[in-house]
Amino acid sequence: MPATSEELEKVIRNSFRVSHLEIEDQSSGCGTSYAIVLVSEDFEGKLSLARHRMVNEALKEQISQMHAFSQVSLFRRLLLIG
Amino acid sequence: MFRSVLNPTISSLSRNVLSAGWRTPAFRRFLSDETRAKIHAAVNEHPVVLFMKGTPEMPQCGFSRAAIQVLDMHAVPSEKLRTYNILEDPELRSGIKEFSEWPTIPQIYVNGEFVGGCDILLSMHQSGELESLLEKHDIIPKIESSSQS
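Just so you know, the protein sequences line up as chains A and B, in that order. Heads up: the first sequence begins at 1 in the UniProt record's numbering, then just goes up one per residue. Heads up: the second sequence begins at 1 in the UniProt record's numbering, then just goes up one per residue.
Extracted from the complex, chain A is given alone in its bound form (with noise of 0.2 Å):
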């Protein structure tokens, strides 16, 4: 079954210290297809590639029944911006 918004949001707090989450549904509800903002204190030194490792570990289940994941993962809140 494809994950809710919900769900997704629960396990990303369980997996991360989120200091700002936006999670968007881009299926118009059916769940198949999210993109994801997260800032987390957890990503400190870590490489792109490295942060959405993480993401997609502990999302792992979520995102194999998806036809589409979209993800900025970042450090800092500031980076969004600069």
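Don't read these hints as lab results, they were simulated from the structure. Do not rely on the hints blindly, as some may be mistaken.
Below 35 Å or equal to it, Euclidean Cα-Cα: the simulated DSBU-like pairs (lysine-lysine) are [claimed, not checked]: (1) Lys10(A) - Lys97(B); (2) Lys80(B) - Lys142(B); (3) Lys80(B) - Lys60(A); (4) Lys80(B) - Lys10(A); (5) Lys53(B) - Lys10(A); (6) Lys80(B) - Lys53(B).
Fit chain B to the given chain A structure using the hints.
Relative to chain A, chain B alone:
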């Protein structure tokens, strides 16, 4: 298509390419040593290798289209780019996700090294990192930046 171009003789080389830490037992059993060796050979055979849905001329997914457009913008020469249409090869389609330990398509390799998926490729494009990477690997010529005075 995938089968015909790959060299199946390298079998032991590729086994330790990736750290085992990300692999789960349930995951591991799907990727045979033979498939792993074929993918390993494929990503090392061309400077830039893109696993995508569809072809550069006709991408079958917006993310794959974006990846191709970015490579096109950087004028990656066609002789240095090899694309694989994973929709045409079920073995490759499941194998590449496990090989790269990456759950989505497209996936891009530069000189045998996994760079990332669409999100990472786009952000590297925007930050200039992609250009530096392609220049560093002599895939595109270095352009001296004109000094502003």
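field: Proposed proximity, Lys10(A) with Lys80(B) (alpha carbon, max 35 Å)
entry: violated, 43 Å
query: Straight-line Cα separation of Lys80(B) and Lys53(B) no greater than 35 Å?
result: Within the cut-off at roughly 19 Å; holds.
- request: Mind checking the alpha carbons of Lys80(B) and Lys60(A) for me, to see if they're no more than 35 Å apart?
  value: holds, 33 Å
- request: Take the C-alpha atoms of Lys53(B) and Lys10(A), compute the straight-line distance between them, and say whether it is at most 35 Å.
  value: holds, 31 Å
- prompt: CA of Lys10(A) to CA of Lys97(B), is that 35 Å or under?
  reply: OK: Lys10(A) and Lys97(B) at ~25 Å, within 35 Å.
task: Take a quick look at whether Lys80(B) and Lys142(B) sit within 35 Å of each other, Cα to Cα.
output: Since the Cα atoms of Lys80(B) and Lys142(B) sit roughly 16 Å apart, the hinted pair holds (cutoff 35 Å).
In the structure shown, a violation is registered for the earlier hint numbered 4 alone.
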